[in-house]
Amino acid sequence: MGLLDGNIERQYFVFTLGSRYFGLSISHVIKVISVETLFPAPLLKEYYLGFFVHQDIPVPLLSIKKRLGLGGEDLGGMSVLINIGSETIGLSIDGNYKVIELDDDLEPLPEKFTGAVRKYFIGRGTMNDKNFIILNVESLM
Amino acid sequence: MLHHGRHLQDSKRNLVLIFSVADIFFALQAQYLVEIIQVSDVSPEMADDYFIGSVNLRGWSIPVFNFRKYMLLGETSSVPPMDAALMSMLILRSDPGESKKIPWIGIETDHISGVVDEDECRNFKMPANVKNEHSDVYKGILIRENTVVYLLNIPWLIETFSPLQ
Numbered sequence: 004m005g006l007l008d009g010n011i012e013r014q015y016f017v018f019t020l021g022s023r024y025f026g027l028s029i030s031h032v033i034k035v036i037s038v039e040t041l042f043p044a045p046l047l048k049e050y051y052l053g054f055f056v057h058q059d060i061p062v063p064l065l066s067i068k069k070r071l072g073l074g075g076e077d078l079g080g081m082s083v084l085i086n087i088g089s090e091t092i093g094l095s096i097d098g099n100y101k102v103i104e105l106d107d108d109l110e111p112l113p114e115k116f117t118g119a120v121r122k123y124f125i126g127r128g129t130m131n132d133k134n135f136i137i138l139n140v141e142s143l144m
Numbered sequence: 280m281l282h283h284g285r286h287l288q289d290s291k292r293n294l295v296l297i298f299s300v301a302d303i304f305f306a307l308q309a310q311y312l313v314e315i316i317q318v319s320d321v322s323p324e325m326a327d328d329y330f331i332g333s334v335n336l337r338g339w340s341i342p343v344f345n346f347r348k349y350m351l352l353g354e355t356s357s358v359p360p361m362d363a364a365l366m367s368m369l370i371l372r373s374d375p376g377e378s379k380k381i382p383w384i385g386i387e388t389d390h391i392s393g394v395v396d397e398d399e400c401r402n403f404k405m406p407a408n409v410k411n412e413h414s415d416v417y418k419g420i421l422i423r424e425n426t427v428v429y430l431l432n433i434p435w436l437i438e439t440f441s442p443l444q
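Chains as they are written, first to last, in this note's numbering: chain A, 4 to 144; chain R, 280 to 444.
I should point out that these hints are in silico values taken from the structure, not numbers from a laboratory. Even glycine gets a Cβ: it sits at the ideal position worked out from N, Cα and C. Take the hints with a grain of salt, since some may be wrong.
As the list claims (entries may be wrong) - Computed list of lysine to any residue pairs in SDA-like fashion (alpha-carbon distance at most 20 Å, straight line): (1) K122(A) to N408(R); (2) K404(R) to F42(A); (3) K410(R) to L143(A); (4) K410(R) to P45(A); (5) K69(A) to N408(R); (6) K133(A) to L112(A).
To be verified - Derived coverage of chain A by chain R (criterion: at least 3 residues anywhere in the stretch with Cβ under 8 Å from a Cβ of chain R; other residues may be distant): (7) 36-47; (8) 51-62.
So that you can see chain A by itself, here it is in the shape it has in the complex (with noise of 0.2 Å):
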């Protein structure tokens, strides 16, 4: 499926960090990227890994398995390029991801998501029998 293609407020972007599978909404994409290299910046927030050069501008990657915790490290190499507002970040992901398109609405969250951990969270889809979870992007920043 195409970026462009279907009904744009059902679609989202699908992508693994190690075994689990993430989703962000397809209005906040650009572009899926190879960083080829990256020039880490000391005294940043921790989940930011550093600074890369996309058309002469500086983007910097966030690397979401140090936001949220998850353990283990960013592969590197693949950045999906996304907006928040007026923001462009790249988001580190380890290279598999599709574009998907919902026919039903969002599921809730499990419950065993509680507390502050929801905030990163908007809800829960279903792609081939395996679950994946809906990025809250503006929480990640």
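Once you've looked at the hints, dock chain R against the given chain A.
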């Protein structure tokens, strides 16, 4: 000793000095550079949590800021200098004036890349969303030849940490 400061101050251009520590490129505006010296050691005098010690510059003790430690870049140089007995040190001030009442500090570097015109770089603000309480050390980001260079906020650095305030 190398004396680059006078030449850089005389220029009408917005020059920046680019250097690296732990393979990360940093820049500072040349107006804050007094001179670049080659030193063989640092005296423990004036050492504290933020300062390695001091160097003697023509009879004046200049505190040497532990930039590597403050930036969480490790304790020792990752790049052996050309002459293993010497290290390049930047002597910096927070204001272009000549008064020695304005505190000067030294910063060790791994490598000095050179001086470029700031106008030859693309200049960006550090995005607010990436900053934490320590990020005031950055004045901005420069892009030069597809490389990210972090422009330092030297007045903030000196005014925040200098023991000679």
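Each hint tested on the structure:
no.: 1; hint: K122(A) to N408(R); verdict: holds (17 Å)
no.: 2; hint: K404(R) to F42(A); verdict: holds (16 Å)
no.: 3; hint: K410(R) to L143(A); verdict: holds (14 Å)
no.: 4; hint: K410(R) to P45(A); verdict: holds (10 Å)
no.: 5; hint: K69(A) to N408(R); verdict: holds (16 Å)
no.: 6; hint: K133(A) to L112(A); verdict: holds (14 Å)
no.: 7; hint: 36-47; verdict: holds (count 7)
no.: 8; hint: 51-62; verdict: holds (count 8)
Violated hints are absent here; each numbered hint is respected by the structure.
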